[in-house]
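Numbered according to this note's numbering, the sequence shown spans residues 641 to 742.
For the record, the hints were derived by calculation from the structure and aren't laboratory data.
Be aware that a few hints might be false.
Claimed, not checked - Below, simulated BS3-like cross-link-like pairs (lysine-lysine); rule was C-alpha separation at most 25 Å, straight line:
| hint | residue 1 | residue 2 |
| --- | --- | --- |
| 1 | LYS679 | LYS711 |
| 2 | LYS691 | LYS711 |
| 3 | LYS711 | LYS723 |
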Amino acid sequence: MLAAYNGHVELTEGLLSRGADVNRVNDRGQSPLAGVVFKGYDQIVQILANKGADPRLGTPTAIQIARMFNKTDLLSVLGATDKDMQESVPLPPSAPQPKATT
Numbered sequence: 641m642l643a644a645y646n647g648h649v650e651l652t653e654g655l656l657s658r659g660a661d662v663n664r665v666n667d668r669g670q671s672p673l674a675g676v677v678f679k680g681y682d683q684i685v686q687i688l689a690n691k692g693a694d695p696r697l698g699t700p701t702a703i704q705i706a707r708m709f710n711k712t713d714l715l716s717v718l719g720a721t722d723k724d725m726q727e728s729v730p731l732p733p734s735a736p737q738p739k740a741t742t
């Protein structure tokens with residue numbers, strides 16, 4: 641949900657009240673919840689969590705992103721379990737390297 645990802649609290653709430661799917665992933669497999677965790681929009685994280693957003697949905701998940709970027713304050717909001725904390729966290733993809741020329 642683009643409104644959530646861009647930090648628009650009221651618009652996000654309005655879309656959710658009109659039936660927007662809180663668990664719809666984009667074409668890259670990313671969930672709205674994972675996006676707002678990454679962006680650090682704590683209020684919208686709470687809104688999406690209250691509406692039933694799945695913190696284990698998508699690649700990477702919202703919990704994995706919170707762990708990757710040390711957003712420990714959000715882990716309890718996301719309902720992270722001991723099992724979540726013990727799983728390995730995927731590394732972000734590295735930037736493409738230029739090809740060597742000869």
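These are the hints, each one checked on the structure:
Note on LYS679 and LYS711: the hinted pairing holds, with a Cα-Cα distance of about 11 Å set against a maximum of 25 Å. A distance of roughly 21 Å separates the Cα atoms of LYS691 and LYS711; the hinted pair therefore holds under the 25 Å criterion. With a C-alpha separation of about 17 Å, the suggested pair LYS711 and LYS723 falls inside the 25 Å cut-off, and the hint holds.
Going through the hint list in order, the structure satisfies each hint without exception.
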